[in-house]
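**Student:** Here are the chains, one letter per residue:
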Amino acid sequence: MYWPARDGDIPVPAFFLRGQDVRRTFTLTLAVGLCLSGMAYAVTDGSGDPAAMKSDEGKWVDKDGNPTFKIEPDGTVDFYTYVGFTRYSAECLRCHGPDGMGSTYAPALMDSMKHLSYSDFYGTVAGGKKDVSASQELVMPAEGENKNVMCFVDSIYSYLRARADDAVGRGRPEKHAPKPASYEKTEDQCMG
Amino acid sequence: MKQSLSRTLAAGTILSSLLFVGSAGAQSAGDDLLKMEKNAANVVMPTNTYDNQRYSGLDQINTRNVGKLQVAWTFSTGVLRGHEGGPLVVGDTMYVHTPFPNTVFALDLNHDGRILWKYEPKQDPNVIPVMCCDTVNRGVAYGDGKIFLHQADTTLVALDAKTGAVVWSVKTDDPAKGATGTEAPMVVKDKVYVGVSGGEFGVRGWVAAYAIADGKEVWRAYSEGTDKDLLVDPQKTTSLGKPIGADSSLKTWEGDQWKIGGGDTWGWYSYDPQLNLIYYGSGNPSTWNPKQRPGDNKWSMTIFARNPDTGEAKWVYQMTPHDEWDYDGVNEMILADQEIGGRNRQLLVHFDRNGFGYTLDRATGELLVAAKYDPAVNWATKVDMDKSSPNYGRPEVVAKYSTEHTGEDANTQGVCPAALGTKDEQPAAFSPETGLFYVPTNHVCMDYEPFRVSYTAGQPYVGATLSMFPAPGGNNMGNFIAWNARTGKIEWSDPEQFSVWSGALATKGGVVFYGTLEGYLKAVDAKTGKELYKFKTPSGIIGNVMTYEHGGKQYVAVLSGVGGWAGIGLAAGLTDPHAGLGAVGGYAALNNYTSLGGTLTVFALPPS
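Chains as they are written, first to last, in my numbering: chain A, 1 to 192; chain B, 193 to 800.
What the hints contain is simulated information worked out from the structure, not anything from laboratory work.
Check each hint, because a few of them may be wrong.
What the hints assert, rightly or not - Calculated pairs, PhoX-like style, for lysine-lysine (alpha carbon to alpha carbon, straight line, at most 25 Å):
1) K314/B / K130/A
2) K147/A / K451/B
3) K147/A / K483/B
4) K130/A / K369/B
5) K369/B / K147/A
6) K483/B / K179/A
7) K369/B / K129/A
8) K185/A / K483/B
9) K129/A / K314/B
10) K592/B / K179/A
11) K175/A / K592/B
12) K114/A / K63/A
13) K354/B / K745/B
14) K369/B / K483/B
Claimed, not checked - Computed far set for chain B versus chain A, every beta-carbon distance over 10 Å:
15) Q252
16) K310
17) G487
18) T573
19) M577
20) E723
To be verified - Which chain B residues face chain A? A few, computed with CB under 10 Å, are given here:
21) P317
22) C324
23) Y653
24) A781
25) L782
26) S787
Even glycine gets a Cβ: it sits at the ideal position worked out from N, Cα and C.
Starting from the given sequences, assemble the full structure and let the hints guide the process.
**Tutor:** Following this line, the structure appears as structure tokens:
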């Protein structure tokens, strides 16, 4: 015995829940995603239209309040999405491969994002996933207690969303927006 | 237990003198192995022989007839993920292992590989995601009529080689902290040696000796910590000829960081019976962010020479002090005797992840040669060989490629080799006939960006982002080379489209074998590197080629089943972020060549 069972409610420490209530977002996404998809942006993903509508100190959200990316015409990527690339590569690449493209044993998240909503994504990251059969053993660990992931979960989401929507290419984004003044403080607060 | 006791008693009735040998009845296991490893028909250890030369004295298959090789029989392991290591052959039985769930099969060579027994442990699948880089296992060891397996969940189990029944089982570490078992054990005399994986989870590395009779822990030596934990004598244990002094490890870490400092021991072990020393290397210090762990971080990235009976270290040599690139030092230590400067030397040859091929005197740990075995290597200009220099034995790091120098949240570009090293765990071979080493290599570079990371037990503790791409000036991501360890020169080099991630085999027949990630088993001329034969197996090869003789006939066998680190980095193909848009997608994805699946393919010459 080394891990507590992960079925049932996902234990997520309070400090990770910043500003967003996941369940509310889920309902909203369903409702709004159906009627508005494809209006402002040619692409939709698991959370609907990824078009960036509102920024809170450099952190962009779509019209439903889901984290999203913002790419300037010259290719400059918003800072949080860029952070998402670095944290994805440190925490997720080992299984999910470089640039969200999958490995021999874990799915390509740039494809999964096309049907996963923000709350699906958040739930799987925090609570993990297990699909063990005779032919394969797919196990995603619960990252709910892992600050290196949970403090950056929105950034990772934005990055993968950008990959799914083909807004960011392979590798490190060449240009990114400067670090917002509030960024360091937010990171320090979460990382402790 | 019962069985070995009854066997001891039976033997006792024949040899009255055996009573006093009785308590050390297991002692003969090591002696047997010394004899058994000389019989080229068998492969009784995962490294082929104690010296890790991976050289076989069999020569039925040779440069003239290897082109006629055919598949004799195949065996599916029923497991999909990366298959590293290779089978053992003891008498009429072949032992085949798999990645998680770590199934072991005993196959009857008298009946085309009929299954004699199968062992499949029940392990908590939660161990899967704490295995860095796929759920690999590098093989089982044999000794004292038992098969030893270090399972993913760090259970070391001894199986009755005849029946597969569990004789004893012991827990070596704690997977809840990210510790896992992937390496192949080694048996010397009456002990079995194992190490631990988990450098990406802050697991403190160790090597431990267990009694083969009952699984009792005899000694455990850590890579980091107090002198007592390290099993060193500050005055007697040396590094480059000088005593290491007191607290050699503690002094090179900030505070208590050594407790989560990595230095894991997941590579291969070798043994010199004359010098009575075992050799192995330790892995990367945790985290991958060098700024976060000031100091040399001893003894991560280190070659250890230890007394197998007591564990005490005779000498140590740290190749990459204060690692900034994840260049684990765990690759195999090949023991060979060769002449250098007119003197016959007892050598230890090691192809490190950091791209340098090291030749040392294995009795003393004196550094004789350190040279790049891939010209692309750029992170250091050379290793300082000047004995009077304060930096003797240390690499001369190029500031431009120092991730410590570039700093946190900044991208260090174009570092060669990439984190997977110029070579990873895939072992090289040595042929005493040609005096050359045959080395499977990666020809891949990287950008590396370290950043702050916090430690949680059992969670990844990485702290760096990296992107990998083929080395400049070509499309090949690997080479298979012949290396002269006396001079530090490449004799010949065969380019390969993908990293060569398969263990090599040299033979008396003048043929060298290796596998490729597309799935080819290849045979080349040991003298020239000329390709003599290839056959595409069902999946990419990251296993080690082996050869054995049965019923007077020589066979060559290899596990295919793509995965491991190679399966992560290469599955989707690599792109060069600095080559401009035109090159994106210019390098083929491994996905287009091969798919998952564990299969053993056994080759032989057609009946004449």
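**Student:** Work down the list of hints and note, for each, if the structure agrees.
**Tutor:** Cross-check of the supplied hints:
For a cut-off of 25 Å, the pair hint linking K314/B to K130/A stands: about 16 Å separates their Cα positions. Under the criterion of a C-alpha separation no larger than 25 Å, the hint pairing K147/A with K451/B is consistent with the structure, at around 20 Å. Simply put, K147/A and K483/B have alpha-carbon atoms about 19 Å apart, close enough for the 25 Å limit, and the pair holds. This hinted pair checks out: K130/A and K369/B have alpha carbons roughly 19 Å apart, not beyond 25 Å.
Using a Cα cut-off of 25 Å, the hinted pair K369/B and K147/A holds, with the two alpha carbons roughly 16 Å apart. Our distance criterion of 25 Å between C-alpha atoms is met by K483/B and K179/A, whose separation comes to about 20 Å. Of the supplied pair hints, the one linking K369/B and K129/A holds, its CA atoms being roughly 19 Å apart against a limit of 25 Å. Distance check on the hinted pair: K185/A and K483/B sit about 20 Å apart at the alpha-carbon level, within 25 Å; holds.
Proposed proximity of K129/A and K314/B is supported: the alpha carbons are some 19 Å apart, at most 25 Å. Simply put, K592/B and K179/A have alpha-carbon atoms about 24 Å apart, close enough for the 25 Å limit, and the pair holds. For the given pair, K175/A sits about 21 Å from K592/B by alpha-carbon distance, which is consistent with the 25 Å threshold. Of the supplied pair hints, the one linking K114/A and K63/A holds, its CA atoms being roughly 18 Å apart against a limit of 25 Å.
With a C-alpha separation of about 24 Å, the suggested pair K354/B and K745/B falls inside the 25 Å cut-off, and the hint holds. Straight-line distance between C-alpha atoms of K369/B and K483/B comes to about 23 Å, which keeps the hinted pair within the 25 Å bound. No beta-carbon of chain A is positioned within 10 Å of the beta-carbon of Q252/B; the least distance is around 35 Å. Interface exclusion of K310/B from chain A stands, the closest Cβ pair being 14 Å apart, more than 10 Å.
Against chain A, the non-interface label of G487/B holds: every CB pair exceeds 10 Å, the least being about 22 Å. With 10 Å as the threshold on Cβ separation, the claim that T573/B sits away from chain A holds: the shortest Cβ distance comes to roughly 27 Å. With a least CB separation of 36 Å from chain A, M577/B remains clear of the 10 Å interface cut-off, as annotated. For E723/B, the requirement that its beta carbon stay farther than 10 Å from each beta carbon of chain A is met, with the minimum near 26 Å.
At its closest, the beta carbon of P317/B sits 5 Å from a beta carbon of chain A; the interface hint therefore holds under the 10 Å criterion. With 10 Å as the threshold, the beta carbon of C324/B comes within range of chain A, its nearest partner Cβ sitting at about 6 Å, so the hint holds. A hinted interface residue such as Y653/B counts as satisfied when its beta carbon comes closer than 10 Å to some beta carbon of chain A; here the least separation is about 8 Å, so the hint holds. Satisfaction of the interface hint for A781/B is found here, the shortest Cβ-Cβ separation to chain A being roughly 9 Å, below the 10 Å cut-off.
Using the Cβ-Cβ criterion of 10 Å, the hint placing L782/B at the interface with chain A is satisfied: the shortest such distance is roughly 8 Å. The interface hint given for S787/B holds, since its Cβ lies 8 Å from the closest Cβ of chain A, which is under the 10 Å cut-off.
Every hint, counting from the list given before, is met by this structure.
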